[in-house]
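A.B. asks: Here is what each chain is made of, one letter per residue.
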Amino acid sequence: MMKIKILHLYPDLLNLYGDKGNIECMRSRLERRGIEAQVVSYTCEDTGFDLSDVDIVFIGGGSDREQKIVCGRLLEHKNAIKDYAENGGVIVAVCGGYQLLGKYYRLEDETIEGLGILDIYTEQGKKRLIGNIVLEADFTDEKIVGFENHGGRTYIGDHKPLGRVLYGFGNDEKSGAEGVVYKNVVATYLHGPLLPKNPALCDHILTAAVKRADPDFTELAPLDDELEKKANEYIVNRFVK
Amino acid sequence: MRKLLAVWLGKILTVIGKLAGKKSSSSPGHYALKICPDLVGCIEKYVSKGIIVTCGTNGKTTTNNLMASALEAKGYKVLCNRLGANMLSGVATAVLQEMNIFGRFKADYACLEVDEAYTPIVFEHIKPDVMVITNLFRDQLDRYGEIDITSDIIKRAVAKAPNAKLVLNGDDPLCVQFGRCEGVTAYYYGISEQVLPQLDDTKEGRFCPVCGAEQHYNFYHYSQLGDFRCPDCGFARPPIDFEVKNVSLGTPMKFSINGKDMSVNYKGFYNIYNLTAVYAALNVLGETADDFAGLLAAYKPQIGRMEEYAFNKPVILSLSKNPAGFNQAIATVNTDKRQKDVIIAINDKANDGRDVSWLWDVDFDKIADENLNTLTTTGIRVYDISLRFKYAGINVDKITHDMTDAVKTCLATDSEVVYVLVNYTALYPTEAVLKKLGGRT
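Chains A and B are the protein sequences, given in the same order. Using our numbering, the final residue of the first sequence is 241, and nothing's skipped along the way. Using our numbering, the final residue of the second sequence is 1441, and nothing's skipped along the way.
This is chain A alone, in the form it adopts within the complex (with noise of 0.2 Å):
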């Protein structure tokens, strides 16, 4: 049986905001079509870091002060995420674990350096950006979803956006770009939690995982998903239509 490993980085610092939603999301969507999937924590107490057997890596979103912490903790293994990430490796970032993909996030007074994995950088806004929030995308008919709320802008330069803010703010307020789509990272800003209300975005990040895993896959099997339409279609008709 096929197996991927997730590796949720720090979840006991980045924890804010139901982001464990999307490792149950990854983890039933994967069982449910007979992959396993294997789940580890990479806490403040682990030692030692090896992204070589690992499928998806996982950052969340956590308090300021949060972030810094682990900031300085993961900035000694940048070069495994950076290699990671060059080499095709699946990453899903969301809020605070999306800034700290970033060259840096500069705060009123003081300036937090990041990973620099993405050729993005984040500032400290005035007002922080919270609502709801619909995006459409090139890779899926299907609307995302999903809830901001944060305090920095960020500036993806020559990135490629995750999608187009339908409603809502997205990673500047003005340029109307949401998240970061680069090789098979996916950064973003979106809580709700992201994957459970997004399939069709789930399956997308799987299908990159097992695809890596597995160059001869081809597609991952359906799902019943009438459910998770339905809890996305009632934001889209509530805000965009």
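No lab work stands behind these hints: they were computed from the structure. Watch out, some of these pointers could steer you wrong.
Stated by the list, open to error - No farther apart than 30 Å at their CA atoms in a straight line, the calculated lysine-lysine pairs in the DSS-like style are these:
no., chain 1, residue 1, chain 2, residue 2
1, B, Lys1398, A, Lys229
2, B, Lys1366, A, Lys3
3, A, Lys103, A, Lys229
4, A, Lys229, B, Lys1349
As the list claims (entries may be wrong) - Residues of chain A clear of chain B, computed beta-carbon distances all greater than 12 Å:
no., residue
5, Glu24
6, Arg27
7, Arg29
8, Asp53
9, Glu66
10, His77
11, Gly116
12, Ile130
13, Arg153
14, Ala208
15, Lys211
16, Leu220
17, Lys230
We put the beta carbon where it would ideally sit given N, CA and C, even for glycine.
Add chain B to chain A, keeping to what the hints say.
C.D. replies: Okay, now just chain B, sitting in the frame of chain A:
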């Protein structure tokens, strides 16, 4: 003169509100404040013995109202914002309702529940004598941003009321940090023994608020409440001034405070904290609480605090507003060993928190124990809560947009009891449904 105009306007609005069948808990105050911005300030003038402000994420309405009841039972006249409207406008409305047409009132004490975010604003107008902080949990994140932001807001408030004696939950590191603010006098209450199974639930505040290291626990109660110590900087649970021991969670619930036995008709472990906070505050005020149980007897719980409605079987309505509250409600449901139907209603209006991500931080899966008969989901975000169960591998028997339909269905099953767990804005509509269907409280 402005004050009089404000008072009259407020009184008229209250009457209009009543005629329209509304519970005018904050709008009269809102408009009156536009005419007389310092309306709340006159509490200082007309309250003779003391002002007690209660804030914190969970339990503040219960704690505040219990405090007012206990003081009233001692024969005092008490100003209290009982309906739980806890922003400046809610406090102003309570003042208006107490005032006569000359804009005066007389009270011995003011018991005021104040929303954490509004404490610095309220403290511009009044300086409390005692400030109770019950706990800090993750709550309504889209409004506050993060728990650290709430802590900073409360610190600003504490700085504005330098003479207030703080009554703090000594089991909550996030509360204890306020006792370290400059120049404050703090008293601590806490539960000094392990009572509940040591579950690994979401401990959002388990990092030391002083240095950021992960704290160690000798035991904990729920969330981050317990006997904590930071291994790095030594920040730890302080000596407890009002100490709970000998806890027995039956009916009635029994425990002792500083060796005095209590026996109370309240459900839910968390109510021990609410009761002890009141006991502590009374003592700090210099009021004796010798007949504490007697003082509490007069108290009628606000709606939705494990409130029982009588039908062919009992229907118990419980309000929870955040993950810590829901986990506690679920734990209380689990202590009931009768066959039960459970209805969960989740809304996402401003007062609920528009972000429903928190549903995934609640151990909802624990609701499915051997005594669960049926599970029903409803509310504005019915699909989100249903998905939460789907990914926990728990079957939802009924997904409906209609609370009446949900309750009727459960009344028709052969279960022995129905629990309805709701978040904030689902509370009053649910209460209306239960009353309309003939439930007696």
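A.B. asks: Output the indices of the hints that this structure fails to meet, ascending.
C.D. replies: 3, 5, 6, 7, 9, 12, 17
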